[in-house]
Every structure is written in structure tokens, then in C-alpha cells.
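Asker: Listed below are the residues making up each chain.
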Amino acid sequence: MREMHYHNLLTTRISRRGILAAPFALFLVLAGCSMVDTPAPTPTQELDVRNYYIQLATPRLEYNYTVTSNAPFHPPVGQLTMDMQGVEDTVNGIPVYSCLWSYGTYYGAPTAWYYGLNDSQAINLGIESAGQLTDHWVDLQAPLSKDKSWSFTSQGESITASILKYGATAQVNGQSYSDVIMVNYSGANGTSGTEWFQRGKGLIYYNITRPNFGTIENQLISIVQK
Amino acid sequence: MNSDFMAIPIEDTIIAYLDGRLNDAEGAELLHRVSVSPEIRQMFQEHVALRKMSFRAIQNATIPPALEESLFQRIGAKDEKEFIPIGFWSMGRTSVMAGVAAVLLVLVMGSFQYWNNGNSNVVPGSKEVPANTAQISTQHLDAEPAAQSNVSPTIAASSTALSNEYRAINHSSSGSSNVRRHESYSDAKNVHTTKHTTKNDVIASLNSSPESTEPVTESKIELFPETRNVELERIPINPGAHGTLESLRDIAIVDRAPSFEIGISTPFSGFSLPANTPQATPFSDVSLRVGYNLDMSNQLAFKLTRGGFAELSTITTLGAGFTDLNGQLTMQSAFAGELFFQHRELVDHGLFFITGSIGGGFYSLGTLLSAELGIQVPVNDKLMGGVSLVVSRLHQNGSTQDYLNSSQPVIYDGSNVHNTVAGSIEYGLTYSF
Numbered sequence: 001m002r003e004m005h006y007h008n009l010l011t012t013r014i015s016r017r018g019i020l021a022a023p024f025a026l027f028l029v030l031a032g033c034s035m036v037d038t039p040a041p042t043p044t045q046e047l048d049v050r051n052y053y054i055q056l057a058t059p060r061l062e063y064n065y066t067v068t069s070n071a072p073f074h075p076p077v078g079q080l081t082m083d084m085q086g087v088e089d090t091v092n093g094i095p096v097y098s099c100l101w102s103y104g105t106y107y108g109a110p111t112a113w114y115y116g117l118n119d120s121q122a123i124n125l126g127i128e129s130a131g132q133l134t135d136h137w138v139d140l141q142a143p144l145s146k147d148k149s150w151s152f153t154s155q156g157e158s159i160t161a162s163i164l165k166y167g168a169t170a171q172v173n174g175q176s177y178s179d180v181i182m183v184n185y186s187g188a189n190g191t192s193g194t195e196w197f198q199r200g201k202g203l204i205y206y207n208i209t210r211p212n213f214g215t216i217e218n219q220l221i222s223i224v225q226k
Numbered sequence: 001m002n003s004d005f006m007a008i009p010i011e012d013t014i015i016a017y018l019d020g021r022l023n024d025a026e027g028a029e030l031l032h033r034v035s036v037s038p039e040i041r042q043m044f045q046e047h048v049a050l051r052k053m054s055f056r057a058i059q060n061a062t063i064p065p066a067l068e069e070s071l072f073q074r075i076g077a078k079d080e081k082e083f084i085p086i087g088f089w090s091m092g093r094t095s096v097m098a099g100v101a102a103v104l105l106v107l108v109m110g111s112f113q114y115w116n117n118g119n120s121n122v123v124p125g126s127k128e129v130p131a132n133t134a135q136i137s138t139q140h141l142d143a144e145p146a147a148q149s150n151v152s153p154t155i156a157a158s159s160t161a162l163s164n165e166y167r168a169i170n171h172s173s174s175g176s177s178n179v180r181r182h183e184s185y186s187d188a189k190n191v192h193t194t195k196h197t198t199k200n201d202v203i204a205s206l207n208s209s210p211e212s213t214e215p216v217t218e219s220k221i222e223l224f225p226e227t228r229n230v231e232l233e234r235i236p237i238n239p240g241a242h243g244t245l246e247s248l249r250d251i252a253i254v255d256r257a258p259s260f261e262i263g264i265s266t267p268f269s270g271f272s273l274p275a276n277t278p279q280a281t282p283f284s285d286v287s288l289r290v291g292y293n294l295d296m297s298n299q300l301a302f303k304l305t306r307g308g309f310a311e312l313s314t315i316t317t318l319g320a321g322f323t324d325l326n327g328q329l330t331m332q333s334a335f336a337g338e339l340f341f342q343h344r345e346l347v348d349h350g351l352f353f354i355t356g357s358i359g360g361g362f363y364s365l366g367t368l369l370s371a372e373l374g375i376q377v378p379v380n381d382k383l384m385g386g387v388s389l390v391v392s393r394l395h396q397n398g399s400t401q402d403y404l405n406s407s408q409p410v411i412y413d414g415s416n417v418h419n420t421v422a423g424s425i426e427y428g429l430t431y432s433f
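Order-wise, the sequence lines are chains F and C. Numbering-wise (our numbering), the first sequence opens with residue 1 and increments by one. Numbering-wise (our numbering), the second sequence opens with residue 1 and increments by one.
Worth flagging that the hints you see were computed from the coordinates, not collected in a lab. These numbers come from a predicted model, not from an experiment. Just so you know, nobody snuck in bad clues.
A few chain F positions that, by computed beta-carbon distances, are all more than 12 Å from chain C:
1) Leu133
2) Ser149
3) Asn189
Residues on chain C that point at chain F, a partial pick, calculated with CB under 8 Å:
4) Ala320
5) Phe322
6) Thr400
7) Leu404
8) Ser406
9) Pro409
10) Val410
11) Ile411
Even for Gly, the Cβ is constructed at its ideal location relative to N, Cα and C.
For reference, chain F alone in the conformation it holds in the complex (with noise of 0.2 Å):
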């Protein structure tokens, strides 16, 4: 009877122990659930420039922005479309690909710019003329995460890049876009601007500003295959 009897309590005592843990165990399910909607956090840092850069190994792959510039060769207001051609040589063994820009039909026939692509660099070459490249503009440097910084020349003048800002998110021509960097571009004549890029698709914005040139701003459009 005895043995019943704390058997019984036993039982009570277990039941009423599942009545306390219960609203622990809803609430703990509750709080769980708000952390789902928590976007997956951006790695502390990148190693492949490419995840973050535009798909230049993609042909066919296009690319429009909206245009605003006070630059020669641009229009004020327009639209630019960058159609990937994929990879077209290897200089000093890095990839080079190229893409053919054009602002539409008043601006004359598409130019091929071209890119040096591989996991530790993204560079702008600019286009082609008299055998020779126009530019080496240092775009993005792995590794790549907040506050770092290198530096390279560009049209003869010492440029300075670091991402102020990693796993950000922005808005660009009304759309939103997460994990994006902010890479902000100093140079010693005077350059300054910002592009930035988000994972996966590349550059959505670009402002840069150089001296006895104009300003260029870009935002992305779309990205559309062909």
C-alpha cells in the first residue's frame, strides 16, 4: 500500500513536472521559430571574388543599368547593357574574359571591354586600343570581408579600395538585394567613389568619380540570359 502510494506520488509528481516544462518547451519552440526567419549569416570573409562579381564565364549572360553620367563617351541618361562573351584569353595566367558594352543604338556599335577573372582577383581592364589595354581598375581582392583594403594603380594614378561594408543590405532602382559589399575607392589625384556587389549576381551599383573626367553612376536593371 505504502509502495502504491509513493508510486502514485511518483506519477503526480512526474505529470505535474511535464505541466511546468511545457510552456518552457512552447516558448523555447516560439523563440526557435523567430530565429528561422533570421536570414542565413554572411561568412566572415570570402576567399572567390567570383561568388561576388559579375558572370562574366556565363555567354549571353546580360546585364542592364540605368546610366547617369557628365562623362565623355556617355550618355547623360541612359542605359547600358553589358552582354557576357565569356572567356577570350590568359594573361599572366589569369583568365581574361570580355563583354560587349552598348548604350543603345544612338551611342554607335557595342564595345568589348574586357576583365581579368579568377578567385583572388576581379580586374577592369577597360577596352583595347593599339594592341594594348586601357586600364587595370583592382575591383574586388580576396580575401574579401569587412575593412579590408589593397591597393593598385589605374591610369597612372594610386588607387586605394576597402570594403566598408560586408553582408549588408541595399537597395538599388527599387530593388532590394542582401549580403551585399560596399567597396569604396580613394585615389591619390583624386578618384573617389563606391560599387557594390552582391553575392551571386555582381556589381549592382557603381558612382565613381574621377578627376578632369566626370562621374559615372550606374544601378542594376536586370540580368536577363539570352
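Since the structure of chain F is provided, determine the placement of chain C on it from the hints.
Answerer: Chain C only, in chain F's frame:
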């Protein structure tokens, strides 16, 4: 003299008498022995006092530690298997403050009761008088008639125990050779008729007893039919029997659930998620709680908190053609109101409680859900101290998208989490009324 009666230890007989298990003859015999033996009378008075204090424990009484110790040691020695309801009182014994408070309380209430009954011509205190003028003070036997008070029928029934204690003295007044049942014994409504018995009758009976070999000292037996409208209707009344220790325990437990509680608490330390969420500093928050007890174990409560809450705010910088926003979680002083349900589980017969609660509400910036797990320790029957782990999930209204609405490009750096979790260890006091 009943030989069987003699064979039973006197304390068993006293307990049996107070339990109503003695017949009239046995009761009369006991009372006679009470009247002639100071030792037995002392023991009898202690048991009567214990019964009284047990009933009054539902109000605010605490048994003096010495008396409690003495009686329970003897009872415990008699039957180690018997359960003694000292769960809550044990705290009083182990707490110096509670002990001091109890002594002061007894002294204050004792003096209050004494002076309220000061119309007696008995000199206060206990003093020895010559045998031929020996008196037993009956000033406290002048119980208020149940029928004239607000005592409910069930309370009147429970007061039968008290009237039987009163009967004990009346038996003495009749002498062992002339045992008779007073008419008021069987009906609590007639308790007032016992007021016709004077202390002189009792004294005369004691002095006329052939077995009275020593002077009877004056002493007090305090019997108070209490008229509190508490939940005494839940006392398991066994017709024809008096309240037992078990039933008294039930009284104490049932009546330890006052309808309302108020509480105050403050956090001591805590944590937060995400890790960069600022935390409230210790003792920076204050929560006031008002609760309504649904029953002994369950409570609905409203908690108002004044303290710091993590708020997502931005610092704006205008760039060349774009807007740069830096989001920061900063502590903002705010109010929160929560409605929650609490379940309280008695542990070790009232030594402490385990509490669990869950609730939700609003704060200045959004909504929150909270869960709490803790313990509460009674300081006395109205005040409890406690410590608990409180975990809250806070959802701030709005979203990151709100910051991005602009006609020009915007880049936002900072937490995109509007849901944060804050945990803290809180200390609190709860007062029941």
C-alpha cells in the same frame, strides 16, 4: 477509575480527547487529572494551545518555536510515521527573522487579546494562590456565541472542537463523580449558554475534588472561536469528531492561497541573442506584478516593466548619389506590459515553490513573449522571495525594408534581425493578500 484509561499514556488520552474520541466518563476522568496535576495540565494546555494556533495559523499566527519543538518532539516520538504539517513553519524555525517576528507577533497578539478581555476580575498573569482560594481563570472561556457572530454553519461546526475544549472545563466543574453532558456540547449554536458557568464553579469543583492534593495555580487556557470567513468550508468535517492535525494541514494549505498577489522584481544578470544585442544592466529594470490566484497553484497576472529594451535604430550618412545607413541596437528606456499565466508547484510541503509561467504582451517598440522558471521561498505566510530565469523573445515592429525605401540607392549595414531574445536572472518579492 477506569483501568484501561490508566493504561493509556496520558498524552495519548489528551490527544484522543481533543480528537473527540473519548466518551464522557473518560473525558471527565482526564479533566479531573488535568485539574489536579500541574504536569498534566501543562501538557493539556500545550495541546489546546497548539490546536488554537493551528487554527489561527490560517490567519497570521506562527507557533512559538519552543512550544512547537516541544510538542512535535513528543508527538513524533509517539508515532514517527505520523505526518506533521510543519512545512511552512519549518521555515520560521530556520529563519531568525521569522522567529523574531513570530515571537513579537505572539506577544502583540497575546497582549491584544488579553487587554480585550480585561473585564475579568482575574489578575493578569499566572500566580500561585492558596488552595482554598485557588482559581482557574476562565476569562478566555467567554467565547462569543457562534449564533451571534458571522460564523458560517461550517465554521460553527468546526468550532465544535473549541466548544469541546470548553466542555473540558465544564466537566471539571461538575466533578468526576457527577459527569454530565452540558446541553451546549451537542450544538454549537448553544455555546453561549456556557457563559452561565462561572469560574467559581470550576474552582469549587477543583477544590472539592478528593484527589486534589496540591494548590491549583491560576493559568490561562485561551480558546477563541475565530470568525474569519476563510475557506474553512473545505475543512474535511467528520460528523461527531473534531478537527485533526491532518485537517488542520488542509486548512493551512487551502488558506495559503490568497486571492491576490503583488510583486516586484529586478534582473541581476542576463544574456541576449544576437550576441551584439545590448543588455540591461543589473537592477536597471523594475517589474511590478499584480496577480489573481485562480487556485492554489495557478495564477493569472499582469506585469508592468520599466526598463531598457534593445531598439534597432540607424545613423544616416549621405554619400555621392546614395544614402548610407548604419543600424545599431541600442538600449532604449521603455515600458512593457505582459499578461501571463503562472503555475506554482508546492515542494516539500511548503518549504518552497517551483514556478513556471508563460505570457506575452507589448512593449514600446513591439511585442514580446516571455517564459519564466523559478523558485519562491516563503518568508512568512504573506511574503515570498524568489529567483527565476526569465527568457523573453522581443519582436520590434518594422523591418529592414522600411529603412531601404528611398528614391535613391540605399545601403544598410547593421542587424537585420528585429527579433531578439533576452534572458535574465531576476530576484523578486511577492506579497499576498
